[in-house]
Amino acid sequence: MALENGQKPEDRAELAAVTKPTDWTIVVLRVVGFFATVTATVVMASNKETKSLVVAPPISVTLTAKFQHNPANVYFVIANGIASLHNVFMIVVHFFGDKFKDKGLQLVMVAVLDMMIVALVSSGDGAATFMAELGKKGNSHARWNKICDKFEKYCDRAGGAIIASYIGLLFLLICNCKKPNRNLSTMAAVAAGPDHLFNLRNNFYLGAYQAAINNSDLPNLSPDDAVERDCLVFRSYIALGSYQLVINEIDASAATPLQAVKLLAHYLSGPDFKESTISNLKELLADPAVGNNPTLRLIAGTVFMHEQDYNEALKYTNSGGTMELNALNIQIFLKMHRSDYAERQLRLMQQVDEDHTLTQLAMAWLNLAVGGSKIQEAYLIFQDFSEKSQATSLILNGKAVCCMHMGNFDEAETLLLEALQKARCKGSRNSSQPCCMLSSPGKAIFSFPQLKIGHPNHLLVKRAAEAEQNINQALQTAG
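Yeah, the sequence shown ends on 479 if you go by full-length UniProt numbering, and it's all consecutive.
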């Protein structure tokens, strides 16, 4: 597939191959459950047998056995009919539920409805089974005679319907066990204890890298939390351009997430290390013992996104697992100019936690990509962050980009100058300034060389170099 510098992919089938796959296990379970319950409903509802019994020759009596004669069988038909409709509805929700902004309620409703249907079908099966046993053996104490010796076909069909219903019930139970409720899992995680790394993560997400480093001395951390804390601190150093410090501090015996962070520092430290870093990264990813580590997959996605190999990046990030991986997915889709896939990923994040910092930031990125009236919404998100927490260069830069889209270049320039004062060694802060300065060509001419000198590999610099080369070729051809 031809894909350069974020251009739209020409082959949508290839993109679909790396997008998050449908969970066909759930679909198959529901389809089989549907056929089982609908079979039970139809067989029991159509169950009827008529027989002529000789009372005393030549006197005979014609008797008809119908499912309506037994309230338990009527309840059985109703219960299985409702279960059949429920399965159809859930299959539709499975495929099209992400199109609705349900704010996480969808998962709760599905879980509750599934449990209610299981209770309904199991009670219907129990009632029908009891009456089937009574019809087969009778009850001498209550003076209820058995009827299955006279209406064999009726009893056989009823038994088949009950068996089909139990099969449907089994698949419903498997569905309940197979598809966990993420909202309940999140509540359980919160109940397990406080999140000691909450402020540290927030500082990192919002670009307050020095604050993340300064406030990283946290007591009573579990071993896993300590590793995550160290990863966030070292990634903050990387964001500040201190690559060598990270490389020197992380030794070969460090945990896999830290080794991945060290590889990121190597990759960003200079072009000479890129090839070896990617090779080492692929070796770690190929190791079945550590290849599925979320931090390792996050770093892999980041590196391949820098390489503009978006399909390769999605192979490691698209299975999700953390909010950072979901947010990185959105960044990749936006670079591919696929805001539709980015919007779908955003809905997944909103289902998990709509108020999460990364969810809000991702919403702002998507609104910027969509444009139009969404620009104002993106600006309000950045404005809200700047009021509730410190106005970092990342947040100021986001506000400035919104202002440029809205034509407010003077305000954008003020914000960018403030961001430049806060930023340290970050080319992404400078890259917006030449764009803003386009309203004042003299300032743009002065600002752009600074970006070229400080960050020669920046995407904006590369695109400008390509444009300059194309112009020179055109002039030579014209001359």
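The set of hints was computed from the structure by calculation and includes no laboratory data. Treat the hints with care, as some may be off.
[Unchecked claim] The calculated DMTMM-like cross-link candidates involving lysine to aspartate or glutamate, where the alpha carbons are at most 25 Å apart (straight line), are: (1) Lys146 to Asp156; (2) Lys374 to Glu307; (3) Lys66 to Asp114; (4) Lys137 to Asp114; (5) Lys462 to Asp195; (6) Lys66 to Asp156; (7) Lys335 to Glu387; (8) Lys315 to Glu283; (9) Lys374 to Asp384; (10) Lys374 to Glu387; (11) Lys388 to Glu133; (12) Lys335 to Asp217; (13) Lys462 to Asp384; (14) Lys136 to Asp114; (15) Lys422 to Asp410; (16) Lys153 to Asp195; (17) Lys335 to Glu324; (18) Lys51 to Asp114; (19) Lys388 to Glu466; (20) Lys274 to Asp230; (21) Lys282 to Asp272; (22) Lys388 to Asp340; (23) Lys136 to Asp156; (24) Lys374 to Glu343; (25) Lys153 to Asp230; (26) Lys388 to Glu413; (27) Lys462 to Glu283; (28) Lys153 to Asp114; (29) Lys66 to Glu152; (30) Lys282 to Asp217; (31) Lys48 to Glu152; (32) Lys137 to Glu49; (33) Lys388 to Asp195; (34) Lys374 to Glu413.
Computed from a prediction, not measured in an experiment: that's the story for all the values here.
Each hint, compared with the structure:
{"no.": "1", "hint": "Lys146 to Asp156", "result": "14 Å, holds"}
{"no.": "2", "hint": "Lys374 to Glu307", "result": "29 Å, violated"}
{"no.": "3", "hint": "Lys66 to Asp114", "result": "31 Å, violated"}
{"no.": "4", "hint": "Lys137 to Asp114", "result": "34 Å, violated"}
{"no.": "5", "hint": "Lys462 to Asp195", "result": "42 Å, violated"}
{"no.": "6", "hint": "Lys66 to Asp156", "result": "13 Å, holds"}
{"no.": "7", "hint": "Lys335 to Glu387", "result": "29 Å, violated"}
{"no.": "8", "hint": "Lys315 to Glu283", "result": "15 Å, holds"}
{"no.": "9", "hint": "Lys374 to Asp384", "result": "15 Å, holds"}
{"no.": "10", "hint": "Lys374 to Glu387", "result": "20 Å, holds"}
{"no.": "11", "hint": "Lys388 to Glu133", "result": "68 Å, violated"}
{"no.": "12", "hint": "Lys335 to Asp217", "result": "36 Å, violated"}
{"no.": "13", "hint": "Lys462 to Asp384", "result": "34 Å, violated"}
{"no.": "14", "hint": "Lys136 to Asp114", "result": "32 Å, violated"}
{"no.": "15", "hint": "Lys422 to Asp410", "result": "19 Å, holds"}
{"no.": "16", "hint": "Lys153 to Asp195", "result": "64 Å, violated"}
{"no.": "17", "hint": "Lys335 to Glu324", "result": "17 Å, holds"}
{"no.": "18", "hint": "Lys51 to Asp114", "result": "41 Å, violated"}
{"no.": "19", "hint": "Lys388 to Glu466", "result": "41 Å, violated"}
{"no.": "20", "hint": "Lys274 to Asp230", "result": "23 Å, holds"}
{"no.": "21", "hint": "Lys282 to Asp272", "result": "17 Å, holds"}
{"no.": "22", "hint": "Lys388 to Asp340", "result": "30 Å, violated"}
{"no.": "23", "hint": "Lys136 to Asp156", "result": "10 Å, holds"}
{"no.": "24", "hint": "Lys374 to Glu343", "result": "13 Å, holds"}
{"no.": "25", "hint": "Lys153 to Asp230", "result": "72 Å, violated"}
{"no.": "26", "hint": "Lys388 to Glu413", "result": "23 Å, holds"}
{"no.": "27", "hint": "Lys462 to Glu283", "result": "30 Å, violated"}
{"no.": "28", "hint": "Lys153 to Asp114", "result": "33 Å, violated"}
{"no.": "29", "hint": "Lys66 to Glu152", "result": "13 Å, holds"}
{"no.": "30", "hint": "Lys282 to Asp217", "result": "33 Å, violated"}
{"no.": "31", "hint": "Lys48 to Glu152", "result": "11 Å, holds"}
{"no.": "32", "hint": "Lys137 to Glu49", "result": "19 Å, holds"}
{"no.": "33", "hint": "Lys388 to Asp195", "result": "20 Å, holds"}
{"no.": "34", "hint": "Lys374 to Glu413", "result": "21 Å, holds"}
Hint compliance for this structure: hints 2, 3, 4, 5, 7, 11, 12, 13, 14, 16, 18, 19, 22, 25, 27, 28 and 30 are not met, and every other hint is.
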